[in-house]
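Colleague: One-letter residues, chain by chain:
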Amino acid sequence: MNTEMLSDIADAEEGTSLWKDAWLRLRKNRLAIIGLCILLACIVLALLTPLIAPYAYDAQDLDLGATPPSAAHWLGTDIFGRDMLTQILYGGRISLAVGFIATAVALVIGITWGAIAGYAGGRVDAVMMRLVDILYALPFMIFIILLMVVFGRNLLLLFLAIGAVEWLTMARIMRGQVQSLRQQEFVEAAISLGLSPGAIIRRHLIPNALGPIIVYTTLTIPSVMLLEAFLSFLGLGVQPPQTSWGLLISYGAETMEEYPWLLIFPGLALTVTLFSLNFLGDGLRDALDVRGSKD
Amino acid sequence: MRLCAPFAGALVIAALVAGLGGCSPGESRVVQGNREGVLYLGNGTEPQSLDPHVLSSSPDARIAGAIHEPLIMYNPYDLSTEPGVAQRWEFSEDGTEITFYLNPDARFSNGDPITAEDFRWSWMRAITPEMGNLLVEVFYGIRNAQAYSKGEIDDPEAVGIRVIDPHTLRVELAFPDPFALLNFAYVYMAPVHRATIEAHGAMTDRYSPWTKPENFVGNGPFTLEDWKMQRFVKVKRNPYYWDTNNVALNAMVFRPIESATTEEKMFRSGQLHSAAMVPNNKVKGYREQPDTPMVEGPYMGSYYYLLNTDRPPLDNLSVRRALAMAVDRQTLASTVLQDTVLPSANYVALGMPDYEHPKVLEFNPTEARRLLAEAGFPNGEGWPPIALNYNTSENHRSVAVAVQQMWKQHLNVDVSLANQEWKVYLDTIDNRDYQIARMGWIGDIAPSAFLDRMVSDGPTNRSGFSNAVFDDIIFNKIRPEKDKSKIMALYTEAERILLEETPLIPIYSYKVKRLTQPSVKGLPSNQTGYINYKYVELDPDAPAWTWQTLDP
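Sequences listed follow chains A and B, in order. Residue 1 is where the first sequence starts when you use the working numbering, and the numbers rise one by one after that. Residue 1 is where the second sequence starts when you use the working numbering, and the numbers rise one by one after that.
By construction, these hints were calculated from the structure, which means they are not laboratory data. Any given hint could turn out to be false.
[Said to hold, decoys possible] Using 16 Å as the maximum straight-line C-alpha spacing, the simulated EDC-like pairs for lysine to aspartate or glutamate come out as follows:
hint: 1; chain 1: B; residue 1: K265; chain 2: A; residue 2: E254
hint: 2; chain 1: B; residue 1: K511; chain 2: B; residue 2: E493
hint: 3; chain 1: B; residue 1: K228; chain 2: B; residue 2: E493
hint: 4; chain 1: B; residue 1: K284; chain 2: A; residue 2: D58
hint: 5; chain 1: B; residue 1: K265; chain 2: A; residue 2: E258
hint: 6; chain 1: A; residue 1: K28; chain 2: A; residue 2: D282
hint: 7; chain 1: B; residue 1: K265; chain 2: A; residue 2: E257
hint: 8; chain 1: B; residue 1: K408; chain 2: B; residue 2: E381
hint: 9; chain 1: B; residue 1: K359; chain 2: B; residue 2: D457
hint: 10; chain 1: B; residue 1: K359; chain 2: B; residue 2: E214
hint: 11; chain 1: B; residue 1: K236; chain 2: B; residue 2: E500
hint: 12; chain 1: B; residue 1: K408; chain 2: A; residue 2: E257
hint: 13; chain 1: B; residue 1: K284; chain 2: A; residue 2: E257
hint: 14; chain 1: B; residue 1: K511; chain 2: B; residue 2: D315
hint: 15; chain 1: B; residue 1: K150; chain 2: B; residue 2: D457
hint: 16; chain 1: B; residue 1: K486; chain 2: B; residue 2: E500
hint: 17; chain 1: B; residue 1: K284; chain 2: B; residue 2: D328
hint: 18; chain 1: B; residue 1: K228; chain 2: B; residue 2: E214
hint: 19; chain 1: B; residue 1: K359; chain 2: B; residue 2: D328
hint: 20; chain 1: B; residue 1: K234; chain 2: B; residue 2: D433
hint: 21; chain 1: B; residue 1: K408; chain 2: A; residue 2: E254
[Stated by the list, open to error] For each label pair, taking beta carbons as the anchor points, the in silico distance ranges come out as:
hint: 22; chain 1: A; residue 1: I142; chain 2: B; residue 2: W547; range: 38 to 48 Å
hint: 23; chain 1: A; residue 1: A59; chain 2: B; residue 2: S58; range: 56 to 66 Å
hint: 24; chain 1: A; residue 1: P54; chain 2: B; residue 2: L426; range: 22 to 32 Å
All C-beta atoms in this analysis are idealised placements derived from N, C-alpha and C, irrespective of residue type, glycine included.
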């Protein structure tokens, strides 16, 4: 064996890194790719909303009132004569922002917390997880309401507050994963090679625990969107004329017998987004789970 | 956890249906009730209390009206007075005293006779400061009752309630008020049974078990039979009631249903004889029904936005008037509210008999823009951020969203919205921690019920409105006046002053909306929502009303 051959092998190894490998596998999953495309489209639409929305989001036409879909208003109008398509586009901005930002906050806190607790074990673990238990016992509504009362009504704060209550389950999942991974040989190997605990968590534990985390993330995003709708209903979230999908649905549900399109279209927007997230999450889990796809 | 709520609601309804029992299969509650003479009513929230000196909400008062009877009752059709416990009454020459002659046959539901002393004891209980009676204001027409209720005097003899003999009661009025009789028809002034109350606790216990079905003693046409929390309150005919021969129903069942949508659905499925709430979006459908079960009419209540005159920019009169004149009430009422209200730029409810409404704050966008510019905000430039508060409800939100946009459109000013749960909201109002706040006031068929409360430091004047000329009209011109038409003209003048100062922006007057099964007689709509249960009858053979699907 000469040096040339060795470098060839090294190149080949480089070519199939964890992420590249995962991408190759993900590409084969058609549903996941469709989901990804829809999500990207949603994000682009949300970013471009102020340019492409057919009407101003607060423009009312009271004399028009609620009308079914027509050429002028593709998705109909609500009781204030506001264009539903515009409402859904603007509502999507808020809902997607809440979904992604709050989930990102939950992810960062939850993963860090869970990984440290799981890796450290012993007394540190006990203290950290008891804190999680205590926070679990705290009614999350009271927690959010307290935050809102202390810091005032603020959209970004709302995102952070929701994230701050959604990280608990994430931390538990992460801790469980880390605890089981920690016993495995590759971690012992890393320890014996002298890697610092931080590096082990970052380089070995987190990537290996991503499967369940990603699945749980795709479940967190919809629940966060619904939580936002609930908070807005209580007067703690977004306020009219701003809107979100959750709010549009809750208003639409009140008049679903008279004006079904006010419920159907925002419902459809939310459903499609959530389906896309679920398919993408499913695909990602399969793609990232090295053990499950050895074939 | 969040998903549980609708299921819990469904369970409550299932429990209601199962709990009342006795319904043969295929027969609706309404048909069964028609046959048995039992009236089923939707009644808003779970009652807090059935003690007439403790209760304060209209659902509680609706039940209390069946099991307690005051001195005077009304005819529900024309709101003329008729005998309650008092057979007749007369004003003294100078209008400062009323003498009530009690019906010697009037009895409590345990058979004890009702005497003038029962009224004196009951009323003294109601105005005792420790009682914490929220509706103590209805007693303020009695001389010194206000001072006594505030603890300023503690001699019960000073209060103008005089027992002449067991069946004669004399009331000395605080001032010769031509509308004084109205107060004596409120259920809050009904007598209570002293021995029962004292047997179950102290006189002033707010949550004493005396109102439990097994202990209760009242004097209404009905008496309490059963009360299951969050399920129903059942009342049955009171055999000792003096006029029991004219009571048609055998029993009534009041169900706590908080949601107008649920109540309407229960009405439609034949579970209720009458629903006191109709969701706005259903009104149009009901109007189009042949033989509609919905009755509508004016109601003595007004809906308005309170302006906090201490906070800039609302401390500026031109700003307040500009905001008031930029609200297109006509369009709001006909579109968003589906004509379920009467658009009104007046504080005193429209339809007030013999009253002329001054025109001050009518919709006028040109004048509104001029006023705003005069106040230093031409075309909304330099407008500071202000907020409109409302208590959480779909109806209030709809009105707020529309008005917010009208201000944007006509004045180019931004107003943000904020909603709060009712109790938090009341706190916000009482602490004057708001700029603009939604309010409503249900009055009576007298302008005094609206305007007297707006005097400086009036107990329910939450607006901060204080005007010497207004106070002078109420206290020094109206009170000594005996000529009713002059009194009405003075009230018109008082309302004009109020509107010109604009501590509030009137939006609309309420309308009564009520769904009633065709089998129900004697439950007409009237301006105060008054129900006299004696008049209610059920046609035993009438079918339940059914929704007709109409061709579009």
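Colleague: With reference to the structure, classify each hint as holding or not holding.
Modeller: Now the hints, each set against the structure:
Taking the CA atoms of K265 of chain B and E254 of chain A, the gap is near 13 Å; set against the 16 Å cutoff, the hint holds. As the CA atoms of K511 of chain B and E493 of chain B are separated by approximately 25 Å, the hinted pair breaks the 16 Å bound. For the proposed pair K228 of chain B and E493 of chain B, the alpha carbon gap of about 50 Å is over 16 Å, so the pair is violated. The straight-line distance between the Cα atoms of K284 of chain B and D58 of chain A is roughly 26 Å, outside the 16 Å bound, and the hint therefore fails.
Between K265 of chain B and E258 of chain A the CA atoms are separated by roughly 14 Å; this keeps the pair inside 16 Å, and the hint holds. As the CA atoms of K28 of chain A and D282 of chain A are separated by approximately 13 Å, the hinted pair is consistent with the 16 Å bound. Our distance criterion of 16 Å between C-alpha atoms is met by K265 of chain B and E257 of chain A, whose separation comes to about 12 Å. Straight-line distance between C-alpha atoms of K408 of chain B and E381 of chain B comes to about 12 Å, which keeps the hinted pair within the 16 Å bound.
Between K359 of chain B and D457 of chain B, the direct Cα distance comes to roughly 26 Å. Violation of the 16 Å bound is thereby established for this hinted pair. Proximity of K359 of chain B to E214 of chain B is assessed by CA-CA distance (about 55 Å); at most 16 Å being required, the pair is judged violated. A C-alpha spacing of about 51 Å is found between K236 of chain B and E500 of chain B, which places the hinted pair above 16 Å, so the restraint is violated. Between K408 of chain B and E257 of chain A, the direct Cα distance comes to roughly 31 Å. Violation of the 16 Å bound is thereby established for this hinted pair.
For the given pair, K284 of chain B sits about 12 Å from E257 of chain A by alpha-carbon distance, which is consistent with the 16 Å threshold. For the proposed pair K511 of chain B and D315 of chain B, the alpha carbon gap of about 32 Å is over 16 Å, so the pair is violated. For the hint linking K150 of chain B to D457 of chain B, the alpha-carbon distance of about 14 Å falls within 16 Å, and the restraint holds. Of the supplied pair hints, the one linking K486 of chain B and E500 of chain B is violated, its CA atoms being roughly 21 Å apart against a limit of 16 Å.
For the proposed pair K284 of chain B and D328 of chain B, the alpha carbon gap of about 21 Å is over 16 Å, so the pair is violated. Simply put, K228 of chain B and E214 of chain B have alpha-carbon atoms about 12 Å apart, close enough for the 16 Å limit, and the pair holds. Among the hinted pairs, K359 of chain B with D328 of chain B is consistent with the structure: their alpha-carbon atoms are about 15 Å apart, no more than 16 Å. At roughly 42 Å between alpha-carbon atoms, K234 of chain B and D433 of chain B are farther apart than 16 Å, so this suggested pair is violated.
Distance restraint check for K408 of chain B and E254 of chain A: the Cα-Cα separation of roughly 27 Å exceeds the 16 Å cut-off, and the hinted pair is therefore not satisfied. Take I142 of chain A and W547 of chain B: their Cβ atoms lie about 42 Å apart, and the range 38 to 48 Å holds. In this structure, A59 of chain A and S58 of chain B break the distance hint of 56 to 66 Å, their C-beta atoms being roughly 38 Å apart. Taking 22 to 32 Å as the suggested C-beta distance range, the pair P54 of chain A and L426 of chain B does not conform, at roughly 42 Å.
Hints 2, 3, 4, 9, 10, 11, 12, 14, 16, 17, 20, 21, 23, 24 from the earlier list are contradicted by this structure; the remaining hints agree with it.
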